[in-house]
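Colleague: Listed below are the residues making up each chain.
Protein chains: 2
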Amino acid sequence: MSPRHRNTQLGFGATAKQPGARPRREADARHTVDPAACELLEEAKARGIATAFDRFLAQQPQCTFGLDGLCCRVCIQGPCRINPKKAGMDRGICGARDYTIVARNLARAIAGGTACHSDHGRHIALTLLHVAQGEIGEENYRITDEDKLRRIAQRIGLETAGVPVAELARRVALAALADYGRYTDEPCTWLDTTITSGRQAKFRHCGINPSAIDRAVTEIMNQTAMGMDADPVNIIFGGLRTALADYTGMHISTDLSDVLFGTPTPIVSQANLGVIDPDYVNIATHGHNPTLSSLVVDAAAALAEEARQAGAKGVNVVGICCTGNELLMRDGVYLASNVSGQELAIMTGALDAMIVDVQCIMPSVRAVAECYHTCVIATNPLVKIPGTYHVDFREEKALETAKEMVRLAIQSYGRRDPDKIRTTDHRQDVVAGWSLEAFTDLLAGLDRDRPVKVLTDAILEGEIRGVALFAGCNNLKVAQDSSHLAILKGLLANDVFVVATGCSAGAAAKAGLMAPGSFEQFGGEGLKRFLGRLRDAAGTKYGLPAVFHFGSCVDNTRAADLWTAMARELGVDVPKVPFVASAPEAMHEKAVSIGSWVVAMGIPTHVGVMPHIEGSELVYGVGTQVAHDVYGGYFILDPNPESAVARLLDALEYRVWKLRVHRKAAERFGTTLSTVY
Amino acid sequence: MSPRHRNTQLGFGATAKQPGARPRREADARHTVDPAACELLEEAKARGIATAFDRFLAQQPQCTFGLDGLCCRVCIQGPCRINPKKAGMDRGICGARDYTIVARNLARAIAGGTACHSDHGRHIALTLLHVAQGEIGEENYRITDEDKLRRIAQRIGLETAGVPVAELARRVALAALADYGRYTDEPCTWLDTTITSGRQAKFRHCGINPSAIDRAVTEIMNQTAMGMDADPVNIIFGGLRTALADYTGMHISTDLSDVLFGTPTPIVSQANLGVIDPDYVNIATHGHNPTLSSLVVDAAAALAEEARQAGAKGVNVVGICCTGNELLMRDGVYLASNVSGQELAIMTGALDAMIVDVQCIMPSVRAVAECYHTCVIATNPLVKIPGTYHVDFREEKALETAKEMVRLAIQSYGRRDPDKIRTTDHRQDVVAGWSLEAFTDLLAGLDRDRPVKVLTDAILEGEIRGVALFAGCNNLKVAQDSSHLAILKGLLANDVFVVATGCSAGAAAKAGLMAPGSFEQFGGEGLKRFLGRLRDAAGTKYGLPAVFHFGSCVDNTRAADLWTAMARELGVDVPKVPFVASAPEAMHEKAVSIGSWVVAMGIPTHVGVMPHIEGSELVYGVGTQVAHDVYGGYFILDPNPESAVARLLDALEYRVWKLRVHRKAAERFGTTLSTVY
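Protein sequences appear in the order of chains A and B.
When the letters of the first sequence are read in order and numbered with my numbering, they come out as residues 1 to 677.
When the letters of the second sequence are read in order and numbered with my numbering, they come out as residues 1 to 677.
Same shape as in the complex, but just chain A:
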């Protein structure tokens, strides 16, 4: 009954090599392929400190009902577990079948992911509003990128001529907040104004346009409650509506973060745990929201002298997870680790404070910190960790509060135990800061008027094979970073142009795939030629990387903007653009919601860790096959990196082949691609 061990793609993206059985669910002997993490896991072993890697083993074997999505807990008559082979147990008490339960669980995961991103976006929008209204002092936040503000305002249809910047910011912030709480049925502004007309029509036709982000979350929670929707396809469509709300909140977040903190431009930095330097007061900012961490950077600079008085060379702010990516992108702050390495940063013995904001913060950081001097500081009212400091972070006193935290770190520096210092030398150079604007500038070196044509032409001419977005987390079901790196390297060697976000970007950065000039090492001949041409034309001061860092996980809409730009350049809709996505080590509900809207946008999307849907052949089939017919995008669920590479390449090849065939036809009839395709 169960489709486990099967993952066939019929007709599209099919490869000769079908993936075999999914990897054993018991632990991989290797925990990580990150050399710094390996060193620190040895340290953990020596000191008897339990980490997530150990707890993952302790949780084996994991419940198969949960893994298959067949456990239902939406009412307290349950829990019900579906066993198709046991009479009567093939349905829940209410009669819900496998497909209903699997679809409901999936949709609620999307709701969780959407809630995370959207609340993040709301926070940024409210901060912008308060800045615009003069309620927050300049020393805390200010409008950094007025040009971007004006571009956003124009895109969403606001009058900009002659409007003062503060007033314009207020109007943009209010328009963003309206996307959270509209009661009418118009689609969300940030969705509708950033996609192709083809996607607009598709979402309207399928009835999956969210009218408001928060309403979409409420509606899907209602739709998936006991005694509500039993139709898995309708539930999945509801889930996609929620996922598009996720897209909306993410796009708001990225846009308005750029306005407040600046649109990233290329910047050189370093990554991996080796950036924790024992000579400095080390502060890790961890989480996702730049509102807090960007002020910590300012406060650290302001208090360098205090650190020196305490005996350190200064204050060294490093980043973990996506707060790390936000700071790396804009300020060149060192990136210490992606999500699975967060405990290991403490075990260097030289991390004096870890300041956390929201999401992906393992509660265990507190338990590990107990064995060290590290001061863990929680800052968000929705994130409290028993036993840690909690500093209530308020925008109107941001710098003051950030300084308070930095001073805690300086105090903590004095409490270090020299016997426990175990820093590592592993660090890699990184060139990050690739906002879509920065990448477009790079392309413009070859064609100032139609920069995106440089990219699409290179694909159509066969110099490169397409574009891939790498995203998502670490998931200890595979050795940390191993799937990210295997698939990244596989695609690079096959001339795919790769952008990455979030912890996937972290994996690439730590492994040297974002080092200046690294494309020469990892790229195939075509990719090397393409990026070499870009480098030469732009005359960049830094070498180009193999993998382009597009930002934190909330910034995946930068990649969406790229495929939309490519679609417009080619004159086709997104499902015809040679663009694929991969989340090799997806873990968080946010990855589920992102993956869902990426598919709805029309992108073949690989996921390297099985989402909990194998309990229903129907739901599995909708995600991997029916989605293709309806939306043009579909899931490639494949834990095997080797076959994942093959299938992603096939998906690109299929799209390029179709584009070329139609372009030839267009040339024959003397017309454009959009007319014939």
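Keep in mind that the hints were calculated from the coordinates and are not lab data.
Backbone N, C-alpha and C define an ideal beta-carbon position, used for all residues, glycine too.
Every clue listed holds true.
So, partial list: chain A residues that the calculated Cβ filter (under 8 angstroms) puts toward chain B: (1) Q59; (2) Q77; (3) G78; (4) P79; (5) C94; (6) R97; (7) I385; (8) H588.
With the hints as your guide, set chain B onto chain A.
Modeller: Showing chain B alone in chain A's frame:
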């Protein structure tokens, strides 16, 4: 480690009789105490039709991790199961402990319940808005209770003098919709204007005022995601904020339903499956939202002649679950069953159509209907059931669509199989329709100026011992209705004035506890005297019931308005009012969210089926004990009906005793109760 089998109340509500072990989780030998249900379960057995009662047995034993709330599925690195006795498995992979996971699961259940009620309320508010704007014809909906509209408008601070009714309705509807999507931090209007000043201060002080319903749902989904809040108390406070959003949506729903469909007044009808009369075309309306079903009643009346032409005596609309309660309260429509009997209605063989709207609709109705001629019609875009008719119900064509459905039922009547007709004679008379307004009118027979004083005086004088709200579902972990009836009868015999909503009201109605004059049979001497006085003074045309039907489950705010009125009459805050609540057979997430706000409002709240919180002593203790210190309300978790009665009586006695002591002090000092207490 686990508090299972323990349920101690220290200091408050403690009784000599502590409950023993919680009942076996394996099935009770008896499935139901409803005689009609017993008959039809025999029929099911004879015909080999599986019902929820059978599937409940097939699911035994249920997963103890799920029952204890110790299963975490908020990321796809999981599922994790917490076993405090297994090293390493005492925490999730991320390090989340038992209390974090239990609290998160609880909070997400509250989110589910809040989403259900609130979406229902939104639907009513939008309907009112469209009526007010003239977008829906009079034949469909109209403003039925203008007085209530004006009272609501005044309460929420709108100018009413000289404002035409349509304009006023528009403003009220917009104010309600603003409670869903406000971006500022003011508390929701429908919450803030309906509670005591004491509760306003308490909610402000605890920081649990929701500013918008949908935002509260999004925020708690974010707060409970992977790597967010680890502090169980903070999570529970977030859950309470969401629960107060639930209250807000529910109050909007009840208020605006009364405006559109009329505020209920006492009405006599009948309940139980015997109301399905084989001589008629029988249509069951099932779900929760009166928007559809009230039009089905109109359509059925309009098409009686067509039914007669088809050979029936007419069209008989009956209700199931809370749609049934809505119609019973306002139109005196027969109530066929509460939630666990929904499949049995079909097995009478004489149910020609079941029209369902939202929530508590078992997907199994379709499977049972396959064995019969019954036509199951789903009507809501969020509720599709594979294999059933789906008629897209739109307000602007409501009557037309309702007629279409009634015609489907008439056609279906012609396809009946006479061999399968197995109706029952069990039906009980019912007097329902007790809106708070109707009940206040009854009290006014004894004191026109201060009607609520009649009730509070009767309590202070010891004639009755207090007020109890019965609410919630059926849950097959106990025999259907058995706990409802045992506790109801126990409290009635002990002179407690009882109001009931939802499926608890259904249980009372089916068992004759709402029959005219039934208080004479079930009430203790004091209650008989009290209700006898009310009857005599009011000169009612109908005998008074033992249990007062206060509406559907979304109408629990009618009871909240009663305790608020009592608090104001007594001059104290709600936690001092002799009022208790009980959900003896809670099942739905909605029951979890209702129970949570009832506790936050200050009411001792019994739940007869264990919520999934026993995995954490801390969370358990917060709900049953700490809540008392903070909010004045607390949970009494006790599956034993006998001890539940004792503990509810103790909770009332304690509050009455304290009131009397302070009243005496007030008299001594020649001042009021509010001054000394």
